[in-house]
Amino acid sequence: MTGPEYPGQPDPSGFQDWWASEEEPAPVEPVPSVLSDCWRCGKGVEPDRPLCPYCRARISSSPEPLHRAGKPSDDSPESKALLGVLYVFIIFLGTSLIYGWLVQFGFSGRADNDREAARQQLYFMLAVEFFDTLLVVGSILAIMRPTALPAPSAAARSAAWAGAIPLLLLLLGLNYAYHFLLRKILAFPPCFDEAVIKSELSGLSVLAVCIQPAIVEELFFRYLALGTLRRSMGIHAAVLVSSVMFGIAHIGVPLSIPMLTLIGVGLGYARVVSGSLWLPILLHFFHNGAILLYEYWS
Amino acid sequence: MDSQRSDLPDLGTPKNSEFSNLGGPKPDGLSQLGSLAQGARLKKLNSARNILIIIGILVIVGAAAFMVIIPAQAQGNIPEAQLRAFYLVNFALMGLGVVFFVLAFFVKQYPVPITVVSLILYLGYQALLVADDIQNLWRGIIIKVIIIAALVKAVQAAMAYQKEEDAAKAAAEQGL
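Protein sequence lines correspond, in order, to chains Z and H. Heads up, the first sequence is in the working numbering, so the first residue is 44 and it goes up one at a time. Heads up, the second sequence is in the working numbering, so the first residue is 21 and it goes up one at a time.
Be aware that a few hints might be false.
Said to hold, decoys possible - Among chain H residues calculated to face chain Z with C-beta under 7 Å, some are:
(1) ASN66
(2) VAL132
(3) PRO133
(4) VAL136
(5) ILE140
(6) GLY144
(7) LEU149
(8) LEU157
(9) GLY160
(10) ILE161
Quick caveat, the hints were computed from the structure, so don't treat them as lab data. Note that beta-carbon positions come from the ideal geometry of N, C-alpha and C, so glycine has one too.
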């Protein structure tokens, strides 16, 4: 039995070649495209898109680097983000060191008696803080968006805000007791910033001592660092590590580092329990403001 | 193309035993490769532990040496307040050395927090030394760079190690 002798000839035998089947071909299921994670917000994005549709970050068009077979890379986006935060922290340390040296060599011995020298030191402090502000803003834009902290319940949020004033008073009391111990009992010399604080109470000093540190330091330590650390460890460990970073970043006042670390823990838990960055910002602002007023009037 | 053809032989789904009989890749080849990677990461964590122990020893010995040498050289010419401050700072540095020891012993239990805190504390310690005397910046700079690079690698390895461990635990809990 043979089939048709020429194409198109009706097959008298009824024998049909399989490729002339009149059945509908099976639909080809579309192969789902492999989504790649956006480096900033971490959401899945089609690789051919130039911009992330969620956060508008530019998606790199370079292909994934080839790895040797059997050797997975340890260079994940999370580790890159954490290392980015650590590099910014190193730059923070560097600016604190440079500020300390220049104050020591430029204003030492003069600021205590010379109001003008203290004002110049204030301007210099503002310049360094302006650089730190640019650094933090740039790092927030360049580093992967930190993970969102677990949303607290309404009761926890209310308790956090209600306990803000007692927490502030507790931190101020501990701070005052610690430095009283250092100065009066152990007779430690004042730090180089105290001349600036004691010399005047003006809008510039409030900006330098209260506003800028409250906003910029909280953005870096309680938003970026805490959120990035949270990707790799528990919430308590993230609060503790970010607090250690906060304390050590104040390398210009090394004897205050333990107390500042403790304050960082308080601010970190205020951030976690309230679920908002505003509470630690306000606590930081009023804490520094209270110190500024106390030092000026004492 | 046409999965419903009846004239094609049914190749069937290869079984794991077929691969092992043919001497091909083992069925759990991926998990073995994963174990190799985890082994490499553990090596980095071990080297981080050793580095932390060495740093702890150096910090404690250095602070103790300073506490003996400097007052001996000054021969009582240091003011009382300054001497108290000197002793307090050096005791704090010895405490920091003990902290490095403690971190070294817990690096495998909590790899990510310990390696990150170790790196931060080491950077802070070096910054303190540089703040005291700028020449400390380039004294032993090669060793300092090696230590910092090793701690950075340890942080990366710790994160990857933690991720793999968490994935393995989740898979074990799901009974895979």
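* Does H/PRO133 meet its interface restraint, that is, does its C-beta lie within less than 7 Å of any C-beta in chain Z? -> Interface hint status for H/PRO133: holds (4 Å vs cutoff 7 Å).
* Tell me if H/LEU157 is really an interface residue toward chain Z, meaning its C-beta lies closer than 7 Å to one of theirs. => 9 Å, violated
* Interface hint status, H/ASN66 versus chain Z (Cβ within 7 Å) -> Check failed: Cβ of H/ASN66 comes no nearer than 15 Å to chain Z, outside 7 Å.
* Grab the minimum C-beta distance from H/GLY160 to chain Z and call the hint holds if it beats 7 Å, violated otherwise. => With Cβ-Cβ at 18 Å, over 7 Å, it is violated.
* Asked: Any CB of chain Z closer than 7 Å to the CB of H/ILE140?
  -> Hint holds; H/ILE140 Cβ to chain Z Cβ min 6 Å, cut 7 Å.
* Asked: Does H/ILE161 pass the interface hint, meaning its C-beta sits closer than 7 Å to a C-beta of chain Z?
  -> 15 Å, violated
* Per-residue hint verdict: H/LEU149, partner chain Z, C-beta under 7 Å -> At 11 Å from the nearest chain Z Cβ, H/LEU149 fails the 7 Å test, so the hint is violated.
* **Interface hint outcome for H/GLY144 [beta carbon to chain Z under 7 Å]** => 4 Å, holds
* Closer than 7 Å between Cβ atoms is the bar; does H/VAL136 clear it against chain Z? Give me holds or violated. => 6 Å, holds
* Given H/VAL132 as an interface hint, is the shortest Cβ-Cβ distance to chain Z below 7 Å? -> 5 Å, holds
When the structure is compared with the earlier hints, violations turn up for hints 1, 7, 8, 9, 10 and for no others.
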